[in-house]
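Colleague: Below, each chain spelled out in residue letters.
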Amino acid sequence: MSPLWDWDYAWSILPDLLRALVVTIQITLLGSLVALVLGLVIAVLRRARIPVVDRVLWALVEFIRSTPLLVQVFFLFFVLPQFGIVLSAFVVGVIGLGVHYATYTSEVYRAGIDAVPRGQWEAATALSLSRSRTWTGVILPQAIPRVLPALGNYVISMFKEVPLLIGIGVVEVVNEAREIASETFRPVEPYTIAGLLFLLLSYPASMLVRRLERRRAAV
Amino acid sequence: MPPSSSTTTAEPMIVFDGVVKQFGDNVVLSELDFTVAPGEHVTLIGPSGSGKTTILRLLMTLEKVNRGTIHVGGKCLSHMDKGGKRVPADDKYCREVRKRIGMVFQQFNLFPNMTVRGNLIEAPCRVLGLSKEEANARAEELLELVGLSGKIDEHPTRLSGGQQQRVAIARALAMRPDVLLLDEVTSALDPELVAGVLALLRDIGETTDITILCVTHEMGFARDFSHRVMMFDRGKVVEDAPPSELFTQPREQRTRDFLRAVLDRH
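Protein sequence lines, in the order shown, are assigned to chains A and B.
Taking the numbering used here, the leading residue of the first sequence gets 1, the next gets one more, and so forth.
Taking the numbering used here, the leading residue of the second sequence gets 220, the next gets one more, and so forth.
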């Protein structure tokens with residue numbers, strides 16, 4: 001009988017798992033970029049309170065938040081091709097995660113924007129600053145540092161949600177582990193290593209976020 | 220020197236014409252008419268809630284009138300001329316008119332994400348189109364005027380309230396406004412810092428020809444700084460007179476009651 005944990009076997013599958021980890025990280029980073037930029041755009045547009053735009057954005061945000069991410073990913077991957085829009089699994093992963101998380105980051109940004117005192121807006125008006133300069137020079141530089149920890153936490157959760165893309169065949173860590181396990185009938189090592197890889201990245205990342213939080217609190 | 224009331228032949232700097240402002244059912248200003256001559260210093264006094272601050276906020280376009288019009292330097296704040304027709308003012312027009320008006324707030328409202336220098340050169344560079352060098356020179360000159368030459372690279376949060384308010388005054392002056400609005404600028408300061416800021420304002424009043432509208436509870440300052448004092452109550456002007464008259468022999472009972480209440484406090 002082979003032992004429960006076989007080191008030689010573990011080492012032999014590590015390179016494949018690491019390669020898949022790179023894909024996971026790529027999707028996380030690109031997805032975060034989408035989530036951070038789109039979330040900011042949504043937050044700023046909603047603050048402008050343009051009647052129709054505001055209703056549309058509100059409905060969109062509520063819709064995306066109220067439906068499972070997996071359904072959205074399936075929709076992008078299986079339904080859009082029916083309308084002639086064919087996206088690779090990787091791109092669907094980035095867009096799906098990015099847009100989904102944008103609805104959450106937009107709320108985070110909103111909280112940060114609301115926390116900037118009204119007097120700052122008024123001072124900007126009194127100095128005749130343009131609307132765009134008021135945002136980029138006065139409001140956002142005060143709002144964003146406050147919410148960096150919260151944004152960081154969403155990036156970490158997104159990282160841990162990438163394995164959901166197994167549903168559309170993206171070869172990220174867990175999918176790779178599953179393939180290895182099904183070929184070798186040895187599930188212990190691949191899944192354990194997959195889990196450890198997530199832990200190894202998530203834990204330091206959340207420590208970093210916590211430090212950011214403490215630094216914000218100290219200011 | 221102060222323009223006396225006899226020199227009103229010049230076009231007034233500020234004109235309120237039938238201005239009504241209400242928040243919900245609460246009428247803050249009712250049918251308000253008054254004018255302010257160029258270079259005149261007018262102090263608005265009255266109990267809280269009488270609409271004094273609202274007047275400054277309307278002038279700064281932080282609030283909109285419900286009825287009536289306000290003109291600053293001959294330009295209407297709420298409407299503009301477009302192909303001979305009177306249409307609601309757009310963003311660009313508003314900014315253009317606003318450039319001539321500066322405001323100093325009770326809570327200073329300096330930008331904490333910028334240094335003192337940043338606060339002072341931001342609008343001159345971005346709005347007036349000054350070069351960095353010009354704006355910096357102007358900032359240094361103004362900091363010297365307000366007595367804070369050494370603080371140009373400090374962050375506002377590291378300054379005392381009095382120092383922050385001096386920077387805020389310098390920031391407003393950096394735009395070379397025709398009209399300066401002072402909204403209870405010493406109310407948030409520790410008592411020992413008030414005198415310095417008031418002395419600075421007196422200095423500015425004497426050395427410039429800026430039209431100044433001032434809301435304050437400092438009656439001593441109102442007396443020697445203003446050319447005219449307007450007493451407000453419930454959105455109306457109760458009395459409008461030079462300080463020498465209003466403070467020594469007020470005509471209205473309401474003014475007498477208010478002054479007695481305020482002076483008792485000190």
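No wet-lab data here; the hints were simulated from the structure.
Beta carbons are placed, not taken as given, at the ideal position from N, Cα and C, and that holds for glycine.
Be a bit skeptical, because a hint or two may be false.
Said to hold, decoys possible - Here are the simulated EDC-like pairs of lysine to aspartate or glutamate, each with C-alpha atoms no more than 20 Å apart in a straight line:
id: 1; chain 1: B; residue 1: Lys318; chain 2: A; residue 2: Asp114
id: 2; chain 1: B; residue 1: Lys318; chain 2: B; residue 2: Glu250
id: 3; chain 1: B; residue 1: Lys311; chain 2: A; residue 2: Glu122
id: 4; chain 1: B; residue 1: Lys283; chain 2: A; residue 2: Glu122
As the list claims (entries may be wrong) - Computed Cβ-Cβ distance ranges for the label pairs, DEER-style:
id: 5; chain 1: B; residue 1: Ala356; chain 2: A; residue 2: Ala48; range: 34 to 40 Å
id: 6; chain 1: A; residue 1: Ser132; chain 2: B; residue 2: Gly268; range: 32 to 38 Å
id: 7; chain 1: A; residue 1: Arg131; chain 2: B; residue 2: Arg421; range: 43 to 49 Å
id: 8; chain 1: A; residue 1: Gly119; chain 2: B; residue 2: Gly348; range: 22 to 28 Å
id: 9; chain 1: A; residue 1: Ala115; chain 2: B; residue 2: Leu482; range: 36 to 42 Å
id: 10; chain 1: B; residue 1: Glu373; chain 2: A; residue 2: Arg47; range: 45 to 51 Å
id: 11; chain 1: A; residue 1: Asp114; chain 2: B; residue 2: Asp309; range: 44 to 50 Å
id: 12; chain 1: B; residue 1: Gly348; chain 2: A; residue 2: Ile25; range: 17 to 23 Å
id: 13; chain 1: A; residue 1: Arg47; chain 2: B; residue 2: Pro331; range: 16 to 22 Å
id: 14; chain 1: B; residue 1: Arg345; chain 2: A; residue 2: Phe78; range: 47 to 53 Å
id: 15; chain 1: B; residue 1: Gly268; chain 2: A; residue 2: Pro204; range: 24 to 30 Å
id: 16; chain 1: B; residue 1: Glu471; chain 2: A; residue 2: Ala115; range: 28 to 34 Å
Colleague: Against each hint, give a clear statement of whether it holds in the structure.
Modeller: Hints, verified against the model:
1. Lys318(B) to Asp114(A): violated (27 Å)
2. Lys318(B) to Glu250(B): violated (27 Å)
3. Lys311(B) to Glu122(A): holds (17 Å)
4. Lys283(B) to Glu122(A): At roughly 14 Å apart (the allowed maximum being 20 Å), Glu122(A) and Lys283(B) satisfy the hint.
5. Ala356(B) to Ala48(A): 34 to 40 Å: Holds: the Cβ-Cβ distance is about 36 Å, inside 34 to 40 Å.
6. Ser132(A) to Gly268(B): 32 to 38 Å: holds (36 Å)
7. Arg131(A) to Arg421(B): 43 to 49 Å: Because 36 Å falls outside the window, the suggested range is violated.
8. Gly119(A) to Gly348(B): 22 to 28 Å: With Cβ atoms ~26 Å apart, the hint holds.
9. Ala115(A) to Leu482(B): 36 to 42 Å: 40 Å Cβ-Cβ, so the 36 to 42 Å window holds.
10. Glu373(B) to Arg47(A): 45 to 51 Å: With a Cβ separation near 31 Å, Glu373(B) and Arg47(A) fall outside 45 to 51 Å, so the hint is violated.
11. Asp114(A) to Asp309(B): 44 to 50 Å: Given about 27 Å between the Cβ atoms, the range is violated.
12. Gly348(B) to Ile25(A): 17 to 23 Å: Cβ of Gly348(B) to Cβ of Ile25(A): about 45 Å, so the range 17 to 23 Å is violated.
13. Arg47(A) to Pro331(B): 16 to 22 Å: With a Cβ separation near 20 Å, Arg47(A) and Pro331(B) satisfy 16 to 22 Å, so the hint holds.
14. Arg345(B) to Phe78(A): 47 to 53 Å: At 50 Å between Cβs, range holds.
15. Gly268(B) to Pro204(A): 24 to 30 Å: Cβ of Gly268(B) to Cβ of Pro204(A): about 56 Å, so the range 24 to 30 Å is violated.
16. Glu471(B) to Ala115(A): 28 to 34 Å: Violated: the Cβ-Cβ distance is about 45 Å, outside 28 to 34 Å.
Consistency with the previously given hints fails for numbers 1, 2, 7, 10, 11, 12, 15, 16, ordered from lowest to highest.
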